[in-house]
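Engineer: All chains, please: the whole structure from these sequences, using the hints.
Listed below are the residues making up each chain.
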Amino acid sequence: MSPRITFATCARILRQLRHDHRTVALLVAVPSLLLTLLFYMYENAGPVFDRIALTMLGVFPFVIMFLVTSIAMLRERTTGTLERLLTTPLHKLDLLFGYGIAFGLAAAVQGAITVAVTFWLLGLDTAGGAGLVVLIAVVNAILGVALGLFCSAFARTEFQAVQFLPVVVVPQLLLCGLFVPREQMAGWLQTISDVMPLTYAVEALALVGTNADPTTTMWRDLAVVAAATVLALILAAATLRRRTA
Amino acid sequence: MDAAVEVRDLVVDRGKRRVLHGISCAVPTGSVTGLLGPSGSGKTTLIRAVVGVQIVRSGTVTVLGRPAGTAALRRTVGYQTQAPSVYADLSVRENARYFATLHGLDAHAADQAVRDVGLGDAAGQLVGNLSGGQRSRASLACAMIGRPGLLVLDEPTVGQDPVLRADLWGRFHALADEGTTLLVSSHVMDEASRCDRLLLIREGRLISDDTPAAIRGRAGTDDLEEAFLRLIREQEKVAA
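So the protein lines, in turn, are chains A and B. Note that the first sequence covers residues 0 to 244 in numbering that gives the first Met the number 0. Note that the second sequence covers residues 0 to 239 in numbering that gives the first Met the number 0.
To be clear, the hints were calculated from the coordinates, so they are not data collected in a lab. Take these hints with a grain of salt, some might be off.
The calculated label-pair distances, taken between Cβ atoms and stated as ranges, are [what the hints assert, rightly or not]: (1) His172(B) x Pro170(A): 58 to 68 Å; (2) Gln159(A) x Gly148(B): 31 to 41 Å; (3) Ser38(B) x Arg76(A): 21 to 31 Å; (4) Trp218(A) x Val10(B): 47 to 57 Å; (5) Asp8(B) x Trp187(A): 50 to 60 Å; (6) Asp120(B) x Val23(A): 22 to 32 Å; (7) Ala71(B) x Ala28(A): 39 to 49 Å; (8) Thr35(A) x His186(B): 55 to 65 Å.
Covered stretches of chain A (chain B as the covering partner; in silico rule of three or more C-beta atoms under 8 Å from a C-beta of chain B) [what the hints assert, rightly or not]: (9) 1-7; (10) 14-24; (11) 71-82.
Even for Gly, the Cβ is constructed at its ideal location relative to N, Cα and C.
Structural biologist: Structure representation (structure tokens):
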């Protein structure tokens with residue numbers, strides 16, 4: 000691995016993104032618009048908006064970066080750029096970290112804008128600071144990138160790649176405690192929920208909502224999400240083969 | 000003969016089909032060697048084996064004295080895939096500079112390669128907005144950056160106009176004169192005469208590995224396409 004190549008790869012991915020104005024506009028605006036929609040849905044419901052909006056601030060970057068990355072990586076495979084890259088001095092981790100850093104930065108911009116809109120325009124109220132929310136959102140986004148890099152190995156077409164969204168993302172969303180509190184779920188559902196990284200991200204966000212200072216559990220939760228990200232990146236590296244049939 | 004690439008008894012299966020049936024051949028150092036054969040004959044598979052991205056069943060491929068695909072070779076082998084493998088959402092210049100950085104080279108080397116393939120005026124354009132021939136040249140530029148020891152080009156001249164095609168072949172020979180070895184595949188026979196040496200493959204088997212002059216002499220005709228036809232018929236007769 001070389002920092003020069005990782006950095007160049009990261010810069011190349013951001014440059015590709017910069018040329019795609021529509022994607023940039025969608026990345027920046029869509030989460031804020033969806034949260035605005037949520038705001039009007041729960042206009043008279045008081046703290047319900049706070050709870051759901053806070054969760055969504057972690058869920059949106061995860062889902063969006065998962066999708067963007069799976070398609071981007073699939074394009075590397077189908078256009079032959081991946082095959083070519085693997086004949087150059089680039090290390091597999093240069094590519095994976097390049098994607099992680101580039102889309103992590105994109106997620107930081109997206110997260111900062113969405114959090115600003117949600118706190119100042121939509122009046123989201125949390126005990127903890129907005130900075131922590133952005134941090135959790137960015138870690139979540141990088142988890143989405145890592146899972147996207149891994150899952151793209153199992154898709155041959157864009158059609159297949161987008162089908163991984165319901166497979167990988169929706170179960171995590173259903174079981175993370177947003178719809179039904181985790182303690183009210185059947186034991187086996189709780190067990191599944193326990194091994195899903197999004198559960199910890201959602202719990203961390205809830206803790207920012209109720210505690211003025213970051214709690215130990217919140218840091219532990221964030222560490223779990225980060226560890227899941229590293230695991231997904233290692234698995235993704237294992238799917239990148241220099242030699243193929 | 001000093002060989003930049005040496006292939007011995009190479010057998011490759013793709014899926015259940017055997018694509019290469021024990022090919023042995025060599026690419027002399029500093030030569031422009033043409034790999035010719037019809038579509039589906041196994042050219043791309045052989046090329047993939049040389050750059051070390053193909054899983055092979057048996058046999059060996061030695062490139063610049065090392066087994067194909069060795070990490071050290073990644074610095075010195077340039078590879079142009081058949082489909083233009085450049086980023087459509089980057090400009091030609093941005094593509095070239097990225098690949099230059101991977102090889103530890105600066106923007107100057109990248110810009111030179113872009114000019115070398117005749118895309119100097121289109122350097123700022125997005126690859127996605129270029130014609131097929133221009134895209135292919137953008138991809139070629141990315142392979143040529145930094146004067147690799149071995150340049151492996153899979154059908155680099157498809158879709159190029161005749162003048163450009165002549166320019167590109169001139170460029171290939173100029174590179175060879177500076178010490179680069181080139182392995183260039185084509186399915187167009189009229190390009191065969193531009194090579195120092197020819198490998199003809201058909202249905203995964205090597206039909207001939209010789210200089211154009213020797214092939215013409217052996218077949219008793221000046222027309223290389225006709226020469227190849229005669230060689231193929233001769234082999235079929237021997238096989239039958």
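Engineer: Compare the structure with each hint and give your call.
Structural biologist: Each hint tested on the structure:
1. His172(B) x Pro170(A): 58 to 68 Å: holds (60 Å)
2. Gln159(A) x Gly148(B): 31 to 41 Å: holds (39 Å)
3. Ser38(B) x Arg76(A): 21 to 31 Å: Taking Cβ atoms as reference, Ser38(B) and Arg76(A) lie about 23 Å apart, which means the hint holds.
4. Trp218(A) x Val10(B): 47 to 57 Å: Roughly 56 Å apart at Cβ, these two residues keep to the hinted range, so it holds.
5. Asp8(B) x Trp187(A): 50 to 60 Å: holds (56 Å)
6. Asp120(B) x Val23(A): 22 to 32 Å: holds (28 Å)
7. Ala71(B) x Ala28(A): 39 to 49 Å: holds (48 Å)
8. Thr35(A) x His186(B): 55 to 65 Å: The hinted range 55 to 65 Å holds for Thr35(A) and His186(B), with Cβ atoms some 57 Å apart.
9. 1-7: Holds, because 3 residues of the stretch 1-7 of chain A bring their Cβ atoms closer than 8 Å to Cβ atoms of chain B.
10. 14-24: Coverage by chain B holds for the stretch 14-24 of chain A (4 residues, Cβ < 8 Å).
11. 71-82: holds (count 4)
Taken one by one, the earlier hints all hold for this structure without exception.
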